[in-house]
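> Each residue of the sequence shown is one higher than the one before, starting from 24 at the first, in the numbering used here.
Note that these hints are calculated values from the structure, not bench results. Don't be surprised by glycine CBs; every beta carbon is placed ideally from N, CA and C. Check each hint, because a few of them may be wrong.
Pairwise CB distance ranges, derived in the manner of DEER restraints [stated by the list, open to error]: (1) A132 with S81: 18 to 26 Å; (2) S104 with D139: 40 to 48 Å; (3) H100 with K150: 18 to 26 Å; (4) S98 with L33: 30 to 38 Å; (5) R67 with R149: 22 to 30 Å; (6) V70 with G162: 18 to 26 Å; (7) E133 with R27: 21 to 29 Å; (8) W155 with L28: 13 to 21 Å; (9) R27 with H100: 19 to 27 Å; (10) K121 with R27: 40 to 48 Å; (11) L148 with L33: 13 to 21 Å; (12) E136 with R97: 46 to 54 Å; (13) D118 with Y82: 18 to 26 Å; (14) D101 with L138: 41 to 49 Å.
Here are the computed lysine-lysine pairs in the DSS-like style, where the Cα-Cα straight-line distance is at most 30 Å [what the hints assert, rightly or not]: (15) K121 with K86; (16) K121 with K85; (17) K121 with K150.
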Amino acid sequence: MLERLHRRYLDVVRLGLESIGVNDINATQALILMNVGDGEVPIRDLVQRGYYLVSSASYNIKKLVDYGYLEQVRSIHDRRSVRLRLGDPGRQIVDHLKDLDLRLVDAAAEEPELLDAMDQATRTLRKIERVWAEFINFG
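Could you build the full structure based on these sequences and the hints that come with them?
This is how it looks when you write it as structure tokens:
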């Protein structure tokens, strides 16, 4: 069920990209932009948070940098350390996707019981994640 919801959300993101004439990146790459957000993020953080596999992240980040959606910033203290930040085109996409997310929340708000169910589902999934993380860390 979670995978189906994720795929459906990717469809929503894809339609959002198409609505503003963006066809050079895919929905997964757009979500990378969302996860980078307003600050600077080390590449390893995207992988460690569990969002992406290393090979997939590397490929997608390279494409996003090539197209100017992301910028790579090398640390002045450790030239091996690379952080990512949004380029101007990436910031425009993130702003559009944030607006899209707000529209989705507004649509859900028309059904108060749906909002309550979503809130409960989120709490339950966080508990499951915590239990699994503790199992991984402590056995």
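> Mind listing which of the numbered hints don't hold for this structure, in increasing order?
1, 3, 9 and 10
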